[in-house]
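Each step along the sequence shown adds one to the number in the working numbering, with nothing skipped, and position 130 is 148.
If you are wondering where the hints come from, they were derived from the structure by calculation, not from laboratory data.
Be aware that one or more of the hints could be misleading.
Here are the simulated lysine-lysine pairs, DSS-like style, with alpha carbons at most 27 angstroms apart [as the list claims (entries may be wrong)]: (1) Lys109 <-> Lys88; (2) Lys109 <-> Lys75; (3) Lys95 <-> Lys109; (4) Lys88 <-> Lys75; (5) Lys95 <-> Lys75.
Distance windows between CB atoms, simulated [claimed, not checked]: (6) Gln49 <-> Val161: 18 to 24 angstroms; (7) Tyr67 <-> Arg130: 19 to 25 angstroms; (8) Ala50 <-> Asp145: 31 to 37 angstroms; (9) Lys75 <-> Pro157: 22 to 28 angstroms; (10) Glu79 <-> Leu154: 27 to 33 angstroms; (11) Ser56 <-> Trp144: 14 to 20 angstroms; (12) Trp143 <-> Gly54: 24 to 30 angstroms; (13) Pro83 <-> Thr139: 19 to 25 angstroms; (14) Glu107 <-> Ser63: 19 to 25 angstroms; (15) His46 <-> Asp132: 42 to 48 angstroms; (16) Glu107 <-> Ile55: 29 to 35 angstroms.
Beta carbons: idealized from backbone N, C-alpha and C, even for Gly.
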Amino acid sequence: MIPAPQLTNPPSSAPQQEFLGPPPITTHLQQAVLQGISANRGDGSALAYDTARQEFKEFCESLYPNSEFKYLVDPHKVFYFIFYTAMREQKSRGGRRPRKGPGVAPLAQFNRADYDAVMATYTVWWDANPTEAQELPNPTNPVGIESMTQ
Numbered sequence: 019m020i021p022a023p024q025l026t027n028p029p030s031s032a033p034q035q036e037f038l039g040p041p042p043i044t045t046h047l048q049q050a051v052l053q054g055i056s057a058n059r060g061d062g063s064a065l066a067y068d069t070a071r072q073e074f075k076e077f078c079e080s081l082y083p084n085s086e087f088k089y090l091v092d093p094h095k096v097f098y099f100i101f102y103t104a105m106r107e108q109k110s111r112g113g114r115r116p117r118k119g120p121g122v123a124p125l126a127q128f129n130r131a132d133y134d135a136v137m138a139t140y141t142v143w144w145d146a147n148p149t150e151a152q153e154l155p156n157p158t159n160p161v162g163i164e165s166m167t168q
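Could you build all of it, start to finish, from the sequences and the hints given here?
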């Protein structure tokens, strides 16, 4: 009978180090991510982001006018803003509107009356019969998926 070969670890000149996990998130790592994102973003994205930021700011000013923390981003504000953005009628393209300056979003992006109408539509839909599945009242000209992924 042939004896089984003995398995040994090859000698290593480097000392074994205990794995301590990923490095902590630091400012330079965050800056690397932000720089990579901005370098790979399309030319029109800055204006789209500026417009969305301006609309969210106006949303906060309109719905939380007396709050000391009205601009604080929290899950409830984000949910209501995204819900409104997804369920409203598509805005007309405004490429020829006057702007305050290059790369600056135009004023008055948020329409409070439209927000109230959209939210009322879905409140009525829910109040009609919340225990039964009903057809969702979709907008006739909804926003496209690109509005949600910018």
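Taking the hints in turn, this is what the structure says about them:
Using a Cα cut-off of 27 angstroms, the hinted pair Lys109 and Lys88 holds, with the two alpha carbons roughly 25 angstroms apart. Distance check on the hinted pair: Lys109 and Lys75 sit about 18 angstroms apart at the alpha-carbon level, within 27 angstroms; holds. A C-alpha spacing of about 21 angstroms is found between Lys95 and Lys109, which places the hinted pair at or below 27 angstroms, so the restraint holds. Pair hint Lys88 plus Lys75 holds up; C-alpha atoms about 9 angstroms apart against a cutoff of 27 angstroms.
For the hint linking Lys95 to Lys75, the alpha-carbon distance of about 11 angstroms falls within 27 angstroms, and the restraint holds. A hinted range of 18 to 24 angstroms for the beta carbons of Gln49 and Val161 is inconsistent with their spacing of about 32 angstroms. Checking the proposed 19 to 25 angstroms range against Tyr67 and Arg130 shows it holds: the Cβ atoms sit about 22 angstroms from each other. Between Ala50 and Asp145 the CB atoms are about 49 angstroms apart, so this pair departs from the stated range of 31 to 37 angstroms.
Between Lys75 and Pro157 the beta carbon distance is about 24 angstroms. The supplied range of 22 to 28 angstroms therefore holds. Take Glu79 and Leu154: their Cβ atoms lie about 29 angstroms apart, and the range 27 to 33 angstroms holds. Checked against the given bound of 14 to 20 angstroms, the beta carbons of Ser56 and Trp144, roughly 40 angstroms apart, lie outside it. Here the CB-CB span from Trp143 to Gly54 is close to 42 angstroms, at odds with the stated 24 to 30 angstroms.
Between Pro83 and Thr139 the CB atoms are about 24 angstroms apart, so this pair conforms to the stated range of 19 to 25 angstroms. The given range of 19 to 25 angstroms is respected by Glu107 and Ser63, whose C-beta atoms sit roughly 23 angstroms from each other. Take His46 and Asp132: their Cβ atoms lie about 43 angstroms apart, and the range 42 to 48 angstroms holds. The supplied range of 29 to 35 angstroms is met by Glu107 and Ile55, whose beta-carbon atoms lie about 30 angstroms from each other.
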